[in-house]
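Given next are the chains, with one letter for each unit.
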Amino acid sequence: MTRRRFFEKVSFALGGVCAAILGVPVIGFVIAPLFRKAPDEWLPLGKIDAFDIGKTVNVTITDPSSLPWAGVTSKSAVWLRRVSEDQFIAFSVHCTHMGCPVRWEAGSELFMCPCHGGVFYSDGSVASGPPPKPLVRLQVRANNGQVYLKSGPIPITTTL
Amino acid sequence: MRQFAIRIWKWIDDRLGIVELIGPAAKHLVPRDARWWYTFGSATLVAFVVQVVTGIALSFSYVSSASQAYQALQFISNDAPFGSFLRGMHYFGASAMVLMVGAHMAQTFLFGSYKFPREMNWITGVLLLGFTLAMGFTGQLLRWDQTATWSVVIAAEQAGRVPLIGNWLAQFILGGTTIGGATLSRFYAIHVFMIPALLFVFIALHLWLVLHHGIAEPPVAGKPVHPETYRQEYHKELQKTGVPFWPDGAWRDFIVGTILIIAIAFCALYFGPPVLGKPPDPSILQADPRPDWYLLWYFAVLALMPPSLEGYVMILGPVLVGILLLIVPMLNNQGERAPSRRPWAIAVVLLSVIMIGSLWIAGARSPWSPNFDPKPLTPAIIGATSGAVFEGARLFQEKSCLNCHLIDGHGGRRGPDLTYVGDRLTHDDIVIRIVNGGVNMPAFGRSLKPEELAKIVTFLESRKQKVSSTNPGAK
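Chains D and B are the protein sequences, given in the same order.
In terms of the working numbering, the first sequence opens at residue 52 and continues consecutively.
In terms of the working numbering, the second sequence opens at residue 391 and continues consecutively.
Be a bit skeptical, because a hint or two may be false.
Unchecked claim - Here are a few chain D residues that sit away from chain B, every Cβ distance over 12 Å (derived from the structure):
#	residue
1	Phe58
2	Ala70
3	Leu73
4	Lys106
5	Lys126
6	Val134
7	Glu156
8	Arg192
9	Ala193
10	Pro206
Said to hold, decoys possible - Chain B stretches covered by chain D per the calculated footprint, using a threshold of three residues with CB under 8 Å from any CB of chain D:
#	segment
11	603-616
12	687-701
13	738-749
What the hints assert, rightly or not - Calculated cross-link-like contacts (lysine to any residue; reagent style SDA-like; alpha-carbon spacing at most 25 Å):
#	chain 1	residue 1	chain 2	residue 2
14	D	Lys98	D	Thr113
15	D	Lys88	B	Phe562
16	D	Lys184	B	Arg425
17	B	Lys839	D	Ser135
Treat the hints as calculated values from the structure; they're not laboratory data.
Glycine included, every Cβ here is placed at the ideal spot set by N, Cα and C.
All chains, please: the whole structure from these sequences, using the hints.
Okay, here's the thing in structure tokens:
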């Protein structure tokens, strides 16, 4: 190997080292959210008696994993229905089509999406429109007079 | 004094080499007849400069914090001197950039300017189109109102459809598993640093290619591109009839650029910046997220495409369109350039405009969305103030039927107009449709009591032309 060729190789190698010194932490920092765990806590929604049997209501929750500067964006909502004395059903507010917030229309007992016209029956199954899946049911339980919801990620409809 | 200034300038130029650097580019020869059609590219650049200047100004007051961005935007819009105007300039500048880049692309395609040896001019242009649209979308998100936050969710949901890595992509977009503190700062970095850096690099490359290969001469029917001889013929013609870009060619760019800036400023003053929606609180479910106008057509695609094809179209569609645009010059880089000899090129542009235009109109009207706040039916429209027809009308509204169906101009457009449904459907038809649902209608058999169903059917049966025509309040 000639001296010139050697220094060419050394220069390229040093360039690679510099790129790695900068690149590894930068890429790691940027993709860190991919490895952030979904919130996994039971959040109190209120006293059992605060919910009427048969009614579907919108309950606001706060993401327990939110960053201190999240402000109002740490809030989200669920649709909660008390079906019996101690049984509740909770639905994600996200339409399974594109994630828009579905609204409960009490008169028709339907969840309707404002974006692309997705409609769901009261049990969350698809009534019409483009949603490929039923509304996502969230874990909910009643305990010691309180209703709790298992916090979780925004449900993402995936193909595989 | 003048001599002194000239001496100073000469000293500066001697040390910096400005004339040596810019002179050849400014004085390079361009085809004499490259006139007004050739101003779309420079107009796009002017719009980009407007975006850079107004964007830098806005960033002096913008706070890229999820908890404060909304308030910062309210301050910019309502209190800061020129804040509202600058936001308007930034918004209409983005609109102008999208329009101009589209016009530039259509002109380049129709004139066959992407053919040999300018294939890479086209390819870098396609990438610049993609970056421009990405800037538009991320810019809308920085508005950080309710629509912005829901648009992030929609973007994450779309990314989620990508096979195998969908969930990761969605999480990358959200900056976690939910909307929160990390979401906005990601889009701020992407909108303010990443994509602009790519835009600067590719604009520089695009301009270099314009200088390197020269501006394509206007096409002439019967004068095809032969890669073996094109360069020689082009330079020969340019030496014979070409004119220096500065000032012979550039003055038209200055006129169009000035008109564009005046138009952007006029729109910013007259229409103002886009209105800030509700706060970015995801627990407020009274939301109606819509993209800005330049992506409204895609919003319509998502609503109108058959659900069975959606997964493929959503992921493969943009990829295929992108690949198709990128390989256009590879598919056909020689031969005739004149549009008169390439009718298929005219057809492609016309069809694209018609398709995007139609989808845009559909997106703006979005008839598939329920009307959550329909105007109530008046007694004049109902044609009764008591009895089964009146009760049926009350139930028709109470059961959200009016959210999706029009009666005399009141209600939604998601389902068929029922103003004269009594003329076209029998009693049994109406009952079957309500109980079982239809193509795009939920079944109400489980949620309606028999007496409620009977009243609604009575009301609908009464919707006949002769009934309406006797009504003073009806059309």
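So, going through the hints one by one against the coordinates:
1. Phe58: holds (29 Å)
2. Ala70: Consistent with the label, Ala70/D stays out of reach of chain B, its closest Cβ about 17 Å off (over 12 Å).
3. Leu73: holds (15 Å)
4. Lys106: holds (14 Å)
5. Lys126: For Lys126/D, whose nearest Cβ neighbour in chain B is about 4 Å away, the distance does not exceed 12 Å, so it is violated.
6. Val134: Given that every Cβ of chain B is farther than 12 Å from that of Val134/D, nearest at about 15 Å, it holds.
7. Glu156: violated (4 Å)
8. Arg192: holds (21 Å)
9. Ala193: It holds; Ala193/D is separated from chain B by about 22 Å at its closest Cβ, greater than 12 Å.
10. Pro206: violated (9 Å)
11. 603-616: Violated: only 0 residues of the segment 603-616 of chain B have a Cβ under 8 Å from chain D.
12. 687-701: holds (count 7)
13. 738-749: Contact hint for the segment 738-749 of chain B vs chain D: violated, 0 residues under 8 Å.
14. Lys98/D with Thr113/D: holds (17 Å)
15. Lys88/D with Phe562/B: holds (13 Å)
16. Lys184/D with Arg425/B: Violated, because 55 Å separates the two Cα atoms, which is more than 25 Å.
17. Lys839/B with Ser135/D: Distance of about 22 Å is within 25 Å: holds.
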